[in-house]
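**Student:** Protein chains in written order, with our numbering: chain A, 1180 to 1455; chain B, 6 to 301.
If you're looking for bench data, these hints aren't it; they were derived computationally from the structure.
Errors might be hidden in some of the hints.
What the hints assert, rightly or not - Going by beta-carbon spacing under 8 Å, a handful of chain A positions derived as facing chain B:
#1 L1238
#2 E1290
#3 V1428
Claimed, not checked - Per the computed footprint, the stretches of chain B lying under chain A, defined by three or more beta-carbons under 8 Å from a beta-carbon of chain A, are:
#4 120 to 128
#5 188 to 196
#6 264 to 273
For clarity, every value in this text was computed on a predicted model and none was experimentally measured.
The C-beta atom is built at its ideal place from N, Cα and C for all residues, glycine as well.
Each chain is listed here by its residues.
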Amino acid sequence: MERRSSLLLFSVLCFGIAILYIPILVLIGYSFNASPLVNVWGGFSTTWYGQLWHNRQLLESALLSLEVAVSASTGAVILGTLAAIALVRFARFPGRLLLTGMVNAPLVMPEIITGITQLLLFVSMVQLLSWPHRGFTTIVISHVTFCTAYVTITVQARLASADRSLEEAAMDLGAGPARAFLEITLPIIAPAILSSWLLCFTLSLDDLVISSFVSGPGASTLPMVIYSKVKLGVSPDINALASLIVCGVGALILTAGWLLRRAERRRVLEMQLAEQ
Amino acid sequence: MKTSGSPGRWLIILPPLVFLLLFFLIPFAFAFKISFAETAARVPPYTDVLQVTPDHHWRLLATLANYRYLLTDELYGAAYLFSLRTAFFSTLVCLALGYPMAYAIARAPRATQSVLLLIIMLPFWTSFLLRVYALEGIIRDNGLLNTLLLHLGLIDHPLRIMRTNVAVYLGIIYSYLPFMVLPLFATLEKLDATLLEAAADLGSTPWRSFLDITLPLSVPGMIAGSMLVFIPAVGEFVIPSLLGGPNNLMIGRVLWDEFFGNHDWPAAAAVAIAFLLLLVGPIAIYQYYNVRQLEA
Chain A
1180 MERRSSLLLF
1190 SVLCFGIAIL
1200 YIPILVLIGY
1210 SFNASPLVNV
1220 WGGFSTTWYG
1230 QLWHNRQLLE
1240 SALLSLEVAV
1250 SASTGAVILG
1260 TLAAIALVRF
1270 ARFPGRLLLT
1280 GMVNAPLVMP
1290 EIITGITQLL
1300 LFVSMVQLLS
1310 WPHRGFTTIV
1320 ISHVTFCTAY
1330 VTITVQARLA
1340 SADRSLEEAA
1350 MDLGAGPARA
1360 FLEITLPIIA
1370 PAILSSWLLC
1380 FTLSLDDLVI
1390 SSFVSGPGAS
1400 TLPMVIYSKV
1410 KLGVSPDINA
1420 LASLIVCGVG
1430 ALILTAGWLL
1440 RRAERRRVLE
1450 MQLAEQ
Chain B
6 MKTSGSPGRW
16 LIILPPLVFL
26 LLFFLIPFAF
36 AFKISFAETA
46 ARVPPYTDVL
56 QVTPDHHWRL
66 LATLANYRYL
76 LTDELYGAAY
86 LFSLRTAFFS
96 TLVCLALGYP
106 MAYAIARAPR
116 ATQSVLLLII
126 MLPFWTSFLL
136 RVYALEGIIR
146 DNGLLNTLLL
156 HLGLIDHPLR
166 IMRTNVAVYL
176 GIIYSYLPFM
186 VLPLFATLEK
196 LDATLLEAAA
206 DLGSTPWRSF
216 LDITLPLSVP
226 GMIAGSMLVF
236 IPAVGEFVIP
246 SLLGGPNNLM
256 IGRVLWDEFF
266 GNHDWPAAAA
276 VAIAFLLLLV
286 GPIAIYQYYN
296 VRQLEA
């Protein structure tokens, strides 16, 4: 009985993982199809990859998306870490409940609602302050808003499990609270900060709905260009582009994850050695 | 930190608080205001709700027309119901599929566990838009699924899945499955194994112990996972737009068309506000369980 149920569980797990991965693998396969027709295999070819380099619109939008993603994830990491410190370290302050709510709500808020409400804010702000102009700035602000939530959740968990006694020891030895935090606690939560930066980077790079609302004329991010092409049907060069993005992001995540884990192991080892 | 209680801590609290207030909460107030405006042929394309008269008085020029329109036009009611139904059934399937997956991961050896979690997480990190697009390669008329079924002789004609509601269901399940598995795993992993051992010592069968102990204790994870799937799924735009048929009535799509197609910003604002009111309950449930889980 025990064995049969384990086998069943294992098969459901494999089935679920297959569902998650087969479409991406098939897409990568199609991207090497020489034939432009999706249902005909015309032999192996990298034509579509070569064509990407000549598509100015794609390259420009990719550049814009990268700039947005780097700015937004950096902003989100700063704000999100501050929010995490506030929520973990300050048990009581006016607005704590409000901050908790505003940090968690964007995680589930449908993008379409966030997008339209933020656009209406930006438009009203332009009327009053003639700022911000719709485009790069507004997209970055919107992305920071929804990315902050992911940073806070990640860093919060890490900070809550961090050992306060080290920091207290540093303060007993005369370090100020800010210095004790920067030298003791910051290195402990650094892996969480780095991995949430990466998560924000990929989420920002992928966002279609919010960017479409808050962007202005002439500022099209990569997902916006991809969406308008895909809407017209399957196209072989998008297959190639999609494969590049999925593999690139996947490799980035795996490498970063591996490096972070190695650094973490070394830190734990050093801690153990120091305690001996 | 010792700064608790000192003014210095406001340097930490204020930046995220002010930013989120300004760019997350206050936008709802503006959307609320504009939902009472009328469309106008100008930039921005709606009338002022509050006007300053020549003698420096404020004048309120609100109209309920957008909300009246929402209630009388059958399209919106149908769209809200259809979206809720689609999200509900997709969530159920995700739960049925995600629960055994999370359970299997929670029971795997530690080393395998982190690999399996990485496998589940990886699609969540890579592009959502591109994954929805990739699904089209599987389910279109001449896609992998039909080719396979035809080849095996299970069907005579290709199944029509693309541009139907079935495709939307498949898209939501495929895209949101990781959101269900992760919170479920988090609760199942924390489960106290001694409870199950005690039950077994007292003669309970594994199945009985599962029903009496594991299942009830994993309810918070089930609710958190379900809300993480259900709420965004109700407002999903990309999936119905790329995979659904032309008449698919998901509310996200209706809102998008109202905004980009009809350029009716006030009506779109009213649709969004009504939509938000519909989601307040589920979001409150999610927050409640989320806060409880964080504090546990």
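**Student:** Could you tell me which of the hints above the structure violates, numbers in ascending order?
**Tutor:** Result: hints 1, 5 break, sorted rising.
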